[in-house]
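K.L.:
Chain by chain, the residues run as shown.
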Amino acid sequence: MIKFEHVGLRYGVGPEVLSDINFTLEPGTFHFLSGPSGSGKTSLMSMLYLGRQPTRGLMSMFGKNVGQLNRQELKKLRQRIGVVFQDFRLLNHMSAFDNIALPLRISGQPEKEIRANVEELMEWVGLGDHRHMLPNTMSGGQQQRIAVARAVITRPKLLLADEPTGNLDDEIGLRLMNLFDQLNRMGTTVVIASHNTVLMQKFSQHDRIILDDGQAYLEKPQQTIKQRLGSMF
Amino acid sequence: MINFIKKDRSLGVAKEKRKYDLPLNKGSGGSFLKILMGLMTILAIFALSASFSLSEMTERWSSGLENKATVEIPAEDNKGNIIEQVVVDKIALDIESFLKGHPDVETAEIMRPQEIKDLVSPWLGNEITFENVPLPGIVSIKFKDDKEINYTILESRLKSFGEHVRLDTHGTWLADLLKFTGALNFAAILISTLIGITTVVAVAGAVQARMAVYDEELELLHLMGAGDRYIANQLQRYSFITCLQGSAIGAIIGLILIFIIGWLLKQRDISLLPDFNLSFVQIIILIILPFFIGLLAMVTARQTVLRELSKMP
Chain A
1 MIKFEHVGLR YGVGPEVLSD INFTLEPGTF HFLSGPSGSG KTSLMSMLYL GRQPTRGLMS
61 MFGKNVGQLN RQELKKLRQR IGVVFQDFRL LNHMSAFDNI ALPLRISGQP EKEIRANVEE
121 LMEWVGLGDH RHMLPNTMSG GQQQRIAVAR AVITRPKLLL ADEPTGNLDD EIGLRLMNLF
181 DQLNRMGTTV VIASHNTVLM QKFSQHDRII LDDGQAYLEK PQQTIKQRLG SMF
Chain B
1 MINFIKKDRS LGVAKEKRKY DLPLNKGSGG SFLKILMGLM TILAIFALSA SFSLSEMTER
61 WSSGLENKAT VEIPAEDNKG NIIEQVVVDK IALDIESFLK GHPDVETAEI MRPQEIKDLV
121 SPWLGNEITF ENVPLPGIVS IKFKDDKEIN YTILESRLKS FGEHVRLDTH GTWLADLLKF
181 TGALNFAAIL ISTLIGITTV VAVAGAVQAR MAVYDEELEL LHLMGAGDRY IANQLQRYSF
241 ITCLQGSAIG AIIGLILIFI IGWLLKQRDI SLLPDFNLSF VQIIILIILP FFIGLLAMVT
301 ARQTVLRELS KMP
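Top line first, the protein sequences correspond to chains A and B. For reference, each letter of the first sequence is one residue, going 1 to 233 in the working numbering. For reference, each letter of the second sequence is one residue, going 1 to 313 in the working numbering.
Rather than coming from a laboratory, the hints here were simulated on the basis of the structure. You may find that some hints are simply not true.
Unchecked claim - Calculated pairs, DSS-like style, for lysine-lysine (alpha carbon to alpha carbon, straight line, at most 25 Å):
hint: 1; chain 1: A; residue 1: 112; chain 2: B; residue 2: 311
hint: 2; chain 1: B; residue 1: 90; chain 2: B; residue 2: 100
hint: 3; chain 1: B; residue 1: 311; chain 2: A; residue 2: 76
hint: 4; chain 1: B; residue 1: 117; chain 2: B; residue 2: 68
hint: 5; chain 1: B; residue 1: 159; chain 2: B; residue 2: 19
hint: 6; chain 1: B; residue 1: 311; chain 2: A; residue 2: 64
hint: 7; chain 1: A; residue 1: 64; chain 2: A; residue 2: 76
hint: 8; chain 1: B; residue 1: 68; chain 2: B; residue 2: 79
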């Protein structure tokens with residue numbers, strides 16, 4: 001599903017922020033992505049959501065070499081990816097409903113279908129009576145739930161979330177993690193970047209990708225030995 | 001109190017239905033574009049009206065003087081001696097009689113003294129008395145439509161009635177006048193073209209500025225899988241509506257001004273100036289001008305957006 005082979009990334013003429021990354025994410029897997037600040041989590045995530053192309057190496061997604069795709073094909077790939085950004089990136093001139101409906105509108109779904117799906121999801125994330133509210137008048141937790149709902153509304157094949165439970169209380173956070181888990185069981189590949197060790201321990205059955213100093217390591221459940229991904233594949 | 005509650009309830013609620021994914025209706029950029037398009041349209045209406053009027057005036061002069069000529073019997077001979085009015089009138093009668101018998105001439109008519117006075121009075125004033133002023137004799141000729149006239153032969157025949165007799169075919173001064181009006185017309189078309197170019201540059205600049213302001217929102221849409229055309233459609237729709245609104249207001253003001261100018265010119269009764277009575281077709285062209293400007297803005301916005309988005313990965 002996702003394959004990184006000797007992938008490196010640098011910004012401009014600066015040093016490589018990610019160097020020689022090698023890993024494969026099989027369809028339907030669930031991974032946490034963790035590592036200290038400045039380890040390259042955001043850079044790796046931006047490559048995963050196709051916001052940035054690697055400066056070297058081979059990156060393939062859904063069986064396609066990303067470097068060889070044209071704009072139309074990249075657009076189709078992006079529509080199969082759902083992203084929860086750390087800073088939510090909600091559109092503040094639009095209602096909560098319209099923010100969540102946006103990916104469906106982009107993919108050209110009929111308005112009747114959009115309304116039904118969005119209303120159902122809003123109820124599920126506990127924002128059923130906030131559909132006309134503007135995001136910048138809502139709490140951080142509510143905004144985060146909108147961001148999550150927007151990312152999952154299209155039932156993406158790959159779900160990427162950057163600190164998705166950061167502003168949520170434990171109960172809501174757990175509920176969202178259960179939603180991700182549920183989506184994962186339905187076949188969605190999930191990658192969650194997180195610092196939250198408590199949360200990761202609660203869901204310790206999932207693999208962890210640990211980034212450190214521009215290198216990636218895989219930690220399997222119950223394993224104590226870090227295994228460099230490059231040597232595994 | 002009731003009003004306060006109503007207001008409070010609406011706090012933080014989206015006030016209108018979603019129109020665009022980008023917050024295009026926020027900020028003052030739209031008002032600036034509307035005002036600019038309004039002013040451009042007023043200028044375009046002036047330039048086009050001038051062009052229409054000049055074309056009509058040229059057509060009127062050309063068709064009015066086609067197949068026509070004038071024979072002038074000056075009131076003084078080539079040496080500057082004043083010729084008696086009786087003699088001038090006699091020569092005029094002889095020439096009229098000769099022309100009426102000419103096979104290529106349809107009509108020949110001596111211009112009455114009052115008509116000559118009416119012609120010269122705008123230059124000499126109405127107060128002047130013509131009793132002691134010798135008036136020239138003038139014979140108007142209309143040639144048959146299908147005849148090729150040899151003016152050299154005709155003029156030499158006319159000179160047999162008097163060496164100082166002149167044949168004026170209007171050709172020379174009409175050609176100069178047509179050149180002049182042609183130059184004015186070209187200037188009007190040039191101004192219209194410049195207005196079009198300015199519109200394109202202004203819209204492209206406004207769209208680029210908007211894209212720079214909303215680059216995060218644009219990136220978000222891009223990452224969600226919005227195609228370039230999806231994004232371009234929104235900005236082109238916004239540009240079309242904004243420019244159409246501004247241009248429509250400009251067109252209304254411009255047309256009102258044109259009609260006021262036309263009315264004022266009519267009051268002054270200046271026959272040499274172009275007639276500002278626009279034809280039905282010309283008025284329709286001026287009315288659809290805002291739609292044309294809107295379309296121009298739409299196409300410009302689309303091309304600008306597609307060019308800018310092509311820089312994204």
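K.L.:
If a hint holds in the structure, say so; if it does not, say that too.
P.N.:
The hints, checked one at a time:
With a C-alpha separation of about 35 Å, the suggested pairing of residue 112 of chain A with residue 311 of chain B is violated against the 25 Å cut-off. As the CA atoms of residue 90 of chain B and residue 100 of chain B are separated by approximately 15 Å, the hinted pair is consistent with the 25 Å bound. At roughly 18 Å between alpha-carbon atoms, residue 311 of chain B and residue 76 of chain A fall within 25 Å of each other, so this suggested pair holds. In summary, the hint linking residue 117 of chain B to residue 68 of chain B is supported, as the alpha carbons are separated by about 21 Å, within the 25 Å threshold.
About 81 Å separates the Cα atoms of residue 159 of chain B and residue 19 of chain B, which puts this hinted pair outside 25 Å; it is violated. The straight-line distance between the Cα atoms of residue 311 of chain B and residue 64 of chain A is roughly 22 Å, inside the 25 Å bound, and the hint therefore holds. Simply put, residue 64 of chain A and residue 76 of chain A have alpha-carbon atoms about 12 Å apart, close enough for the 25 Å limit, and the pair holds. Taking the CA atoms of residue 68 of chain B and residue 79 of chain B, the gap is near 29 Å; set against the 25 Å cutoff, the hint is violated.
In summary, the numbered hints that this structure violates are 1, 5, 8.
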